[in-house]
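Enquirer: For reference, the chains in residue letters:
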Amino acid sequence: KAGVTQTPRYLIKTRGQQVTLSCSPISGHRSVSWYQQTPGQGLQFLFEYFSETQRNKGNFPGRFSGRQFSNSRSEMNVSTLELGDSALYLCASSSRGQGSPGANVLTFGAGSRLTVL
Amino acid sequence: GQNIDQPTEMTATEGAIVQINCTYQTSGFNGLFWYQQHAGEAPTFLSYNVLDGLEEKGRFSSFLSRSKGYSYLLLKELQMKDSASYLCASPRDSGAGSYQLTFGKGTKLSVIP
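Chains as they are written, first to last, in our numbering: chain D, 4 to 120; chain L, 273 to 385.
Errors might be hidden in some of the hints.
Unchecked claim - Listed next, the in silico DSSO-like pairs over lysine-lysine satisfying Cα-Cα at most 30 Å (straight line): (1) L:Lys380 / L:Lys329; (2) D:Lys60 / D:Lys16; (3) D:Lys60 / L:Lys348; (4) L:Lys329 / L:Lys340; (5) D:Lys16 / L:Lys380; (6) L:Lys329 / L:Lys348.
Quick caveat, the hints were computed from the structure, so don't treat them as lab data.
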């Protein structure tokens, strides 16, 4: 079956702009998580959605937001972009989103690489 | 907290064995994941340990000691394609019926001929 699909794969924006990234999870997966990956900080958790509800949120400013649709597809938005927002944004899905961690292994997409100039 | 520490970089020779260590804070322990990430690609799941001991999966094995807050990933018979970053991650119960994965910064392994 198809994996996690993220679009766009690469994009360049300028400071002050906003960006929307899209994620299509594996069919049947209802939980979608977003991570920011940078060389200095590694993977940092942004937020998690399950059945269109945000269940968890990481320690990021309010400029970072997201949503999930009824078909489990998710989008994240970053407004008023800053240079420090340049990163690889990874989306991951899991099947049930609840129960033991071992029963909910995250499957990642290839990411959207954002460059802010 | 879930502070996770692992070495930044390691280099090993093709055909050899390498051990990548990971330490974590033991409070609220819910198991430990290892992921592999090749440059420019998605992280992929390698292993999940929740009980003490060694679990073997072909050339890769993962070890856990809950009392010591310590895990390692053992790669045998190294191949060039094993050059990648290896990420250690610990789930934290978010209290919302789900777990939030906290990752270490990753260990970049370079396999040389």
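Enquirer: All hints are to be evaluated individually against the structure, with a verdict given for each.
Expert: Quick rundown of the hints versus the structure:
1. L:Lys380 / L:Lys329: holds (21 Å)
2. D:Lys60 / D:Lys16: holds (25 Å)
3. D:Lys60 / L:Lys348: violated (38 Å)
4. L:Lys329 / L:Lys340: holds (23 Å)
5. D:Lys16 / L:Lys380: Answer holds: Lys16 (chain D) to Lys380 (chain L) is near 29 Å, not above 30 Å.
6. L:Lys329 / L:Lys348: Cα-Cα ~11 Å, so holds.
Taken one by one, the earlier hints fail for this structure only at number 3.
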